[in-house]
Amino acid sequence: MMLAVTAWLGAMPGFMTPLLLAALGLLLCERAGILNLGVEGVMALGAMVGAAASLGGFGPGQAMGLGALAGLAVSVPFMVAVIVFRAPQIPAGLALAAIALGASAALGRGAAHMPFAGLAVLGWFDELEGVPVIGRMMQQDGMVWLALILAAALGLWLARSRGGLRLRAVGEDPATADASGVDIQLYQLGAVAAGSLLIGLAGAYLSVGGSNIWTEGMVAGRGWIALALVVFAQWSPLRAIFGAALFGGAEALIPRLQAMGVEVPVYLLSMLPYALTIAVLVLMAFSKRARQAEPGFLGRAYIRQDR
Amino acid sequence: MTKPVQTVAPALPGAPSALRIFGASKRFGDHLVLDGVDFDLAAGEVHALLGENGAGKSTLMNILSGIYTADAGRIEIEGAAVSIAGPSAAVALGIGMVHQHFKLVQPFTGRENLHLAAAGLPLVPRRAVVEEQIAAVVKRSALDVNLDVPVARLSVAEQQRIEILKALLLGARILVLDEPTAVLTDAEADRLLALVRDLAAQGHAIIFITHKLREVLAAGDRVSVLRRGRMVLASHAVEDVTRDDLSRAMIGDQETTQRRRSGSTPGPVLLEVTGLGVRDGGAAYVSDAGLSLRAGEIHGLAGVGGNGQRELAEAILGLRAATGQVALEGRDLTGLSVAARRRLGLRYVPADRSADALAPNVSLAENLAATLVRTGALGRRMVWPSRVRQHAAAMVQSYGIAGATGGGRRPVRLLSGGNAQKVVLARELDRDARLIIAHSPTRGLDVAACAYVHERLLEAVARGAGVLLISEDLEEVLALSDRISVISRGRIATTPDGRPDRAQIGELMLGHA
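As they're listed, the protein sequences go chains S and A. Heads up: the first sequence runs through residues 0 to 306, numbered per numbering that gives the first Met the number 0. Heads up: the second sequence runs through residues 0 to 512, numbered per numbering that gives the first Met the number 0.
A few of these clues could be false.
Said to hold, decoys possible - Computed Cβ-Cβ distance ranges for the label pairs, DEER-style:
| no. | chain 1 | residue 1 | chain 2 | residue 2 | range |
| --- | --- | --- | --- | --- | --- |
| 1 | A | V81 | S | G189 | 28 to 36 Å |
| 2 | S | L271 | A | A141 | 53 to 61 Å |
| 3 | S | L155 | A | V81 | 36 to 44 Å |
Simulated from the structure, these hints should not be mistaken for lab results. The structure displayed is predicted, hence computed values, not measured ones. Beta carbons: idealized from backbone N, C-alpha and C, even for Gly.
With the rest of the complex left out, here is chain S (with noise of 0.2 Å):
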C-alpha cells in the first residue's frame, strides 16, 4: 500500500504539469476576456511538433520551445478574427481547435510511433532518493518546476504589478480600461499570445516530458479539461497549483489502481478525470464567489462607443 502510495505521488506531478501548463495559458487569456477553446488542438500540435522536433534532433528544451512556438503559429488567425476584428470567441474557438487537430494529425503522420528520448529527471534532489514517501516525488523534470514557478509568477504579476492590473481590468471592464488610456487590443494580443505559447508548451511536455512517443489523439481531452481547471482554480494562478495537482492526481491515480488489480473495467477507470471535471464543475456553480471570480467581460467583443 505504501509502496502505491509513493508510486502514485511519484507520478502525479507528470500528470499534473501539461493540464498546469494549459490553465495558466488559459487563465492569461481569460483575464484578458478571451475564451480561447482552441486549447485542445494547439495542445495536439504542440504534442505533434514537440515529437517531430525530437526525431529530428534537437534536444528536448529545444524541441519543447518549437511545440510552444507551433502553439503560437497556429493561433495567429484565432488571434487576429478575435482580437483585432472581434468576431464571435466561441466559433472562433472552437475552429481553432479544430484547424489545429487536423494539422497535427495530417502533418503528424511521418511522426507516429516512433519513440524518442525526451526530458531527463533533474539531478538536484537525488540524495533525497531515500526518503519514505516523498523522495520518489521530487526526481521530476525541470518542466515539473518551471511550471510551479510559472504559475508562482504569473500569480504575483497579476496581483501586483501594474501591467497585471490593466491587463485584470482589460477584462473586467474594457470600457474603464479604455477611459484611462490602456490599448485593450494590445494587452489582450499581448494575453493571447503567451497564453498560446503556454498552451503549446502544455502539449508538447506531454510527448516530450511524458510519453516520449507521439500518437494522434494523444491529448485526449486535457485541453477541456483545462478548460474546467480554469474554473475551478477561479482564475487564479495560485488555485490552478491545486487544481492541476487534484486532477492530475486522478488520472495518475488510474494505472496505479490496474497494478493493484482492482476489478474495475478499463473504461470506466479512464473516465475518472472526466466524471471529476463534470462533478467539479457543478460544484462550482453553487458557489457565488466562485461565479464573482469570473473575469466580467469574458467572452464579449469590446467596441468603444462613441456616438
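The hints should help you fit chain A onto chain S, whose structure is shown.
Then chain A, alone, in the frame of chain S:
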C-alpha cells in the same frame, strides 16, 4: 409674477476665471441640442447647473470632457483658449468628470482603481509615486473611504467618493459632478454637499448638476438654468434667486393648448393603487405610492426620469415584486401573473421599445401576433401562418405602418422608430384593452409620429379605456391629461384638485411641495 432673471452676477470678487464657454452649439441630425450657450466658472466656486432631462446639460458636459466636439463656440480655461480633442485632453487640462454611472472596475479595490486611472497620466509615474499621490490626495480632500476592499462591496456614496478621488488624483482643478445626489440618501447627500464646499474652499472650481433646489440653495454660489438647449438663466448669484424663479426657468411659462377638456365624462374607477412599494436590494424605487384612474380618462404622471417610473409601471403589470395593493375594476391583482393581468385588460407600452416591447429580429407579423397566441385567434392547437399574416395585414392597414413589405415578414428592427411604435400600439391598444400604461410613448419620435400616438391614445380613451401616461415631456402630459400627478423619488404627489399647473408641477418635481 417675477420676470425672468437675465442679469449675470459677477463671480466671487477677485477669483480668477477657471472656465469660460462662449456660444457653444451642438446639433444631432435635425435637433439643435445646444444653441449658443455661454457659461462661466470661477476658481473656488460651486456653480449649480439646473435643467430638465434633454435640456442639454449632458451634451454641454460631454463637450467639456472631450466626448463630443461642439459645432460652434469657444472654450477658455484659466484665461487661455483651448480645444478639447478627446477625454485624455480634457484630463490633461484639469477637467475631472464624476459621472452618474461610475467608471470603476467593480471587483477591483479602490486602490487598484486609482492605480488603473493613473495609467492614463501622460508620464506614467512609478507605483510608489502613485501611492504617495493617493495618500496626499486623501489627506488633502479629507475623503475617507476604505480603499482596500473591492469596490463592489462599497455603498454608492463610497464609490462616488472614490470617483472624486480619482478625478483629484488625475489633477482635476475643474470638477464636474453630474447629478451626484440622484443616487444618494439625504444624509449622504448632505455629506457630499459639505465635501463639495470644502473642495471649493481649496480652490477647485465645481460644476454641480442637479434637479434639486434644496441643493442649489445649500451649496451653490451661482446658478444657471438650461432649457431646450438655451441658457435661460445665466450665472445668477444663488442669494438673489427664489425657488419660483428657478422652477419657472426650468419649466417655462408659456401657455399650452389643452387638447382635451379636463373633467370630461369621468367613468367608474378603473385602477386603484394604494401603498405600493418597490424595493430592490437596499434601494427603494417606489414608496407608498397611491394613484387612481377612471375609465375614459388619461392620468398623466410627470417627473424627471429615473424617479421610479419604470418600477411603478412594472409593478402594476406584475413584472416586478411589490408590496401594497393594485386593483383593476375593483379586483385585487395581488398574486396574479402577467398573463392573468393581461387577460383582465392591462396593456403596456414601455419606454424602451426595442428592449421591452418588441423582439427586434423577429418579423413584424410575429411581433403583432405575440399576444394573440393564447387567445386562440390564430388557431386552437397550432399557430396558422396564414392567420398571422392576415392579422398583420389588417393591422398594417389600420395603423398605416410603413415599411411593412412582404406581408410583414421583415424584422421589426428595420422599421423606423415611429413605425416600430405603431407596431407596439397596434398590439397593445386592441379592443380588450382596459388600462394602458404608456411610458414615454413618444420618446425619440418625430412630430407626425408623436401626433399619431397621441391620437390613438385619445381614441382608446374615447372607447372607455383608461391611460396612465408616464412621461418626462411636460408638454405631452399637460396636453393630454385629465388629471396629473408627479412622481419624485418614488413618491407620487399631486394638488388636492388633481390638476396642478405648470409651476406646481415644477415644485412637485423638485420634491419640496
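Okay, the hints, checked on the actual structure:
1. Taking 28 to 36 Å as the suggested C-beta distance range, the pair A:V81 and S:G189 conforms, at roughly 35 Å.
2. For the pair S:L271 and A:A141, the beta carbons lie near 60 Å from each other, so the given range of 53 to 61 Å is met.
3. At about 43 Å, the CB distance of S:L155 to A:V81 agrees with the hint of 36 to 44 Å.
Against the hints set out earlier in the document, no violation occurs for any number.
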